[in-house]
Each structure stands twice: as C-alpha cells, then as structure tokens.
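Given the structure of chain E, go ahead and fit chain C onto it with the hints provided.
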Amino acid sequence: EAGVAQSPRYKIIEKRQSVAFWCNPISGHATLYWYQQILGQGPKLLIQFQNNGVVDDSQLPKDRFSAERLKGVDSTLKIQPAKLEDSAVYLCASSQTEGAEQYFGPGTRLTVT
Amino acid sequence: GQQVMQIPQYQHVQEGEDFTTYCNSSTTLSNIQWYKQRPGGHPVFLIQLVKSGEVKKQKRLTFQFGEAKKNSSLHITATQTTDVGTYFCAQNTGNQFYFGTGTSLTVIP
Numbered sequence: 001e002a003g004v005a006q007s008p009r010y011k012i013i014e015k016r017q018s019v020a021f022w023c024n025p026i027s028g029h030a031t032l033y034w035y036q037q038i039l040g041q042g043p044k045l046l047i048q049f050q051n052n053g054v055v056d057d058s059q060l061p062k063d064r065f066s067a068e069r070l071k072g073v074d075s076t077l078k079i080q081p082a083k084l085e086d087s088a089v090y091l092c093a094s095s096q097t098e099g100a101e102q103y104f105g106p107g108t109r110l111t112v113t
Numbered sequence: 114g115q116q117v118m119q120i121p122q123y124q125h126v127q128e129g130e131d132f133t134t135y136c137n138s139s140t141t142l143s144n145i146q147w148y149k150q151r152p153g154g155h156p157v158f159l160i161q162l163v164k165s166g167e168v169k170k171q172k173r174l175t176f177q178f179g180e181a182k183k184n185s186s187l188h189i190t191a192t193q194t195t196d197v198g199t200y201f202c203a204q205n206t207g208n209q210f211y212f213g214t215g216t217s218l219t220v221i222p
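Line by line, the protein sequences give chains E and C.
The opening residue of the first sequence carries number 1 in this note's numbering; numbering runs sequentially from there.
The opening residue of the second sequence carries number 114 in this note's numbering; numbering runs sequentially from there.
Be a bit skeptical, because a hint or two may be false.
DSS-like mimics (lysine-lysine), calculated; alpha carbons at most 30 Å apart, straight line [said to hold, decoys possible]:
| # | chain 1 | residue 1 | chain 2 | residue 2 |
| --- | --- | --- | --- | --- |
| 1 | E | 11 | E | 71 |
| 2 | E | 44 | C | 149 |
| 3 | E | 44 | C | 169 |
| 4 | C | 183 | E | 78 |
| 5 | E | 44 | C | 170 |
The set of hints was computed from the structure by calculation and includes no laboratory data.
Next up, chain E with everything else stripped away, as it sits in the complex (with noise of 0.2 Å):
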C-alpha cells in the first residue's frame, strides 16, 4: 500500500513570499490532517478534513493560511504571505476514519528567510 506523499519536500522563500504544499493522503482514507512542527515541538494540528468537509480549522491562521480538500482526496496547503515565524516542517497526515490511527508523510521543510 502507497503511503502519504507530499511535496515539495524543502522549500526556501523569502518573507512575504507564498507558497503551496501538495499532499496525496493513502488512498480509501476519509480523513486528512495538516500539521505544523516547529523545532523541537510536538505537530500542531492546522486543519482537519473529513472527506472535502472542514472538521477543524481553529488553530490555522486565517489571515495567511488556507487550505483546501476539493474532491475529497488530495489537498493543498497555501501561506501569503509567508513570515519568519512559518519555518517548520509541514506534515500531511491520513487516516481511515476520524480519531483513527493516522499515517504521516514525510513533511515538507519550510524555511522563510
């Protein structure tokens, strides 16, 4: 069975650039997840997915980030404009079911000079 992929798997940009991350979660899963982790700090869950429904978004800011699940498979992660405090890695997760084991991607590393 083909995991999770994302891309890109690194990314340079300057602040006040935009960027976007792919993400194609297994397939047969319902449930997307897309997390930040910070350095050092456990994932930060952005934005949940349940099919192309949004379950949870309370902790994506709004002002710059969006993210989209159009036919209910793969989605896309967007920040404009990007500032210094967005470095991280970017994991995009999957699972069957909602509350069900998830399976992660190999992150993208992002790093906003």
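Positioned in the frame of chain E, the structure of chain C alone reads:
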C-alpha cells in the same frame, strides 16, 4: 488552546535501563494515541487506548490509560538503541486533536 503536558521533556538512559513517559490532560479524553518520531523522521503510530484503565503491551512497550481518562503512560523495559526518538501522546477530545510536547529519549550504548 488545549494544553497537553508530557514529562519528562528529555530522558537519557543507559542501554538496558527502563524508561517511562507520562501524558496529562486537563480534560477527559475520548481516547489517546501514542506516536514515535525518529530524528529527522515523521511520527509513526504505536497504539490507541480507548477504555478507562486500559493496559496494552507491545513486546517491551507497555501503555496505560488512566482510570479517569485524563492521563496515560508509556513504559519501555530494557531500552535498546533502536528505541531512540521522541515519543508523543496525542489526545482526541471529540473533534479536536492535540499532540503532546513529547519526550525525547536518548539511549547510551
């Protein structure tokens, strides 16, 4: 936001010693999950606990869920160098999912 406290933050042990990490919540949990993240890697699911007082074992790992469903622990017996990494608890309080601060385990050969 939700505070998910894990202690200790760091633990160094000699190979063969035991290790325990604790996870505490201020609210009653629907369930709790444990993940392991190797240095430079991504979190990998270990186990999920659902029932009050539940105890589950995976070889040298023992997981417990408190009677009040507000705390949990992970105990590793006779650590090995392959146990190195950061162990996170992850709490599900209905619709919201929170990872703990993690315990970083170093095993000295």
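Checked hints:
no.: 1; hint: 11/E to 71/E; result: 26 Å, holds
no.: 2; hint: 44/E to 149/C; result: 15 Å, holds
no.: 3; hint: 44/E to 169/C; result: 26 Å, holds
no.: 4; hint: 183/C to 78/E; result: 35 Å, violated
no.: 5; hint: 44/E to 170/C; result: 27 Å, holds
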